[in-house]
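Given the coordinates of chain A, assemble chain B onto it according to the supplied hints.
Number of protein chains: 2
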Amino acid sequence: MDTLSKKGKKDEEWISDFLTRGVKEIIEEDSVRSKFESGTILRVKHGVDPTTSKLHFGYWVVYRKLRKLQEMGHTIQLLIGTFTAQFGDPSGKTEVRKERTADEVREVAGDYVKQLAKILDIQKLTVYWNNDWFGNMKLGDFFRIANHFSVWRLLERDMFVERKKLGKEIKAPELMYPILQAYDSVELKSDLTIVGSDQLFNEIQARNLQRAYKEEPQDIIALEVLVGLDGEKKMSQSLGNVINIDDEPHEKFGKIMSMPDHLIPHYFELLTDKSYKEIEAMKEGMKRGELNPKDLKEELALVLITELDGKEAAESAQKHFQKVFREKGVPESMKSFVVDKPMILKEIVFKSGLSESMSEAQRFIEQGAVTLEGKVIEDWKLEVYKKESIILRVGKRKFIKLVFNK
Amino acid sequence: MDTLSKKGKKDEEWISDFLTRGVKEIIEEDSVRSKFESGTILRVKHGVDPTTSKLHFGYWVVYRKLRKLQEMGHTIQLLIGTFTAQFGDPSGKTEVRKERTADEVREVAGDYVKQLAKILDIQKLTVYWNNDWFGNMKLGDFFRIANHFSVWRLLERDMFVERKKLGKEIKAPELMYPILQAYDSVELKSDLTIVGSDQLFNEIQARNLQRAYKEEPQDIIALEVLVGLDGEKKMSQSLGNVINIDDEPHEKFGKIMSMPDHLIPHYFELLTDKSYKEIEAMKEGMKRGELNPKDLKEELALVLITELDGKEAAESAQKHFQKVFREKGVPESMKSFVVDKPMILKEIVFKSGLSESMSEAQRFIEQGAVTLEGKVIEDWKLEVYKKESIILRVGKRKFIKLVFNK
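Respectively, the protein sequence lines represent chains A and B.
Each residue of the first sequence is one higher than the one before, starting from 8 at the first, in our numbering.
Each residue of the second sequence is one higher than the one before, starting from 8 at the first, in our numbering.
Incorrect hints may appear among the rest.
Identical chains blur together in the list; that is why a pair holds if it fits in one copy or across any two.
Okay, derived cross-link-like pairs now, DSSO-like style, lysine-lysine, Cα gap no bigger than 30 Å in a straight line [claimed, not checked]:
1. 221 / 145
2. 17 / 284
3. 175 / 221
4. 145 / 196
5. 301 / 318
6. 348 / 382
7. 172 / 241
If you are wondering where the hints come from, they were derived from the structure by calculation, not from laboratory data.
Fair warning: this is a prediction, and the values are worked out from it, not measured in the lab.
Isolated chain A, as found in the complex:
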């Protein structure tokens, strides 16, 4: 078995921080420690089911840990669930997920690795696709795997318990999902896996299955789940409370500045190396009114964007933000939307991407959140078609230049 080079061995303080920061539960901590101390190169599994094409900061919490393990010299096995995502893990969902085809999943996962390049050393990443083993698996072989699982045990997953309470459906493949995830660990001979705490149940199943296959059971580090921009719920694409890893730097900056103040220490803990002592001091400072949350958010934004996009991008995003928000001005550069025939205002707002739907566009306008050349327009039926370009603004931060085709 390969062992780590000298630089791979970390001191007790480093290990302690690794096993504490953002960590909700470890199974088994003693085993992880002794694996780290032994100097053996570990096979670390991390699985992701492509449900949307964008990876958000919630994933980053896990990838930061993986990056640290990469720096130690361990092997990171990134498992992309090209089979499992066709049916979907019900994690945290109270509704049945829609079935997709393998092609749709592959398309969604299209540039995951490109997005990950901002965090992980992708040259050293081993990428696996679980359609490689499940795609051609015969039903009989699956049943032989499934025979290691008790239905009662599978039903103990908290989201199943919740579905039951709510009188909501579980489709048969959803119940089978943890079996697939468990088998992934067997296939990858996983020594350690790092997951969000909502995946803990499935990964514990994997330990049992690995034992049945005469493999050493993997250890599990289950991390805290990052709270989204709404300040309450898990960051999730479907809740719309996300910052994406490949959002434009100024977009990231704006979003970070808009988060509720109480999230600041949470983000510093999960997404930076700031020491617990400093984070505690920050909380105290805010409480006593000695520290301005706006300044802390700017610091946070600078640190995070620097890590993902570089120092220059971070500083430029900061300037952009200051110009728009502090000086109430408009940004120096903005996207254009070409209006090539007369349209009413709510249609323009929607089609230019400033609202999610026509009805949302109408609501924005009626609430007075929309301005044209700085003037609030409350008539959503207004037909807009001019000779020269004008600036459309929705809310505080969304600007677009309307260009009219003559």
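Leaving out everything else, chain B in the frame of chain A:
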């Protein structure tokens, strides 16, 4: 669509008897009637999972119905569960069934069709093996089928409810079993299925799946379950209370004569064409002491054995029985067992097939149920090795001739 010849159309009385005799539940009765009346040739599915190599009279209840449908001109599709039996349906079981290989299942089902030749017209039987579609089915295709099933609905099966109550396991493949059985109906485009009532749940699932596949849902005739020789429990190989379709005629005769009296009308109803009126009169006659149950059992045995093995065999079995039991004599012909080296008595009892195990043999001997040349022997360690043949008897009905190699 093919239609029945004139002889295939049955009158109202025939249909009523068919839909009543031994029938526990029909889904949907109106639909079955109108199918029968339309004259269309129906595709009738009957599935059997090979769990033991012998078919017993419990199966015969179903096969009699199928024979009648054959005589009408309908197509009987006998489905042998070469895939499903590898994992096992938990029907009526409170214990998890042992997993088997496809080869083991095929061996068990080895001469099902030969056994069925005593009841069905096997020239007109279409035999299917569900390993043909499940054996090479990919996991993804199964998941797409399974997506039509709710876990809560699957858990409503009575044996699952009972397992839960008893705190017993359900293995994941067992929960999936009804999905497979349902898909069999889709594959066979079943119009009607005839099953024991313990299969009703699974066949109802099939109706839903057929609808999802844009097929007409099959109708279901669920039959009463035949009570075994113990007079209490469902006839079942594992309970040892069975009469097998290919038992020797005199063995069948003896078993029928040994059944508790209260089963007589039950057997006449489920396994003969005796009218309900006659069966009621029979019950009354027994109750008033005007009819001797022994005579009724002899009548039953003659009818049943005649149907399976012919009149001659039935009458010869009757003579054999009368000789052995009425005259307390020994049968004229019996099997031989060659003893080619000195053996102790319990070993002979077991190896000659008169007991299921060595320990059972010992128990029989200690209880005084074993005689050699008419003399009770209670010493199981007795070494038996003689010059001439002698008769070994266990219980009332089991005889064997021991032949010693000199």
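Hints, one by one, checked against the model:
1. Taking CA atoms no more than 30 Å apart as the test, residue 221 paired with residue 145 passes in both settings, with 22 Å inside one copy and 26 Å between copies.
2. In this assembly of identical chains, the alpha carbons of residue 17 and residue 284 lie at most 30 Å apart only when taken from the same copy (21 Å versus 90 Å across copies).
3. In the homo-oligomer, the alpha carbons of residue 175 and residue 221 lie at most 30 Å apart only across protomers (25 Å), although the nearest pairing inside one protomer, at 37 Å, exceeds that limit.
4. In the homo-oligomer, the alpha carbons of residue 145 and residue 196 lie at most 30 Å apart both inside one protomer (21 Å) and across protomers (23 Å), since each shortest distance falls under that limit.
5. Taking CA atoms no more than 30 Å apart as the test, residue 301 paired with residue 318 passes inside one copy only; the shortest distance there is 20 Å, against 101 Å between copies.
6. Taking the shortest Cα distances, residue 348 and residue 382 sit within 30 Å of each other inside one copy (22 Å), while across copies they are farther apart (113 Å).
7. In the homo-oligomer, the alpha carbons of residue 172 and residue 241 lie at most 30 Å apart inside one protomer (21 Å), although the nearest pairing across protomers, at 37 Å, exceeds that limit.
The structure agrees with every numbered hint stated previously.
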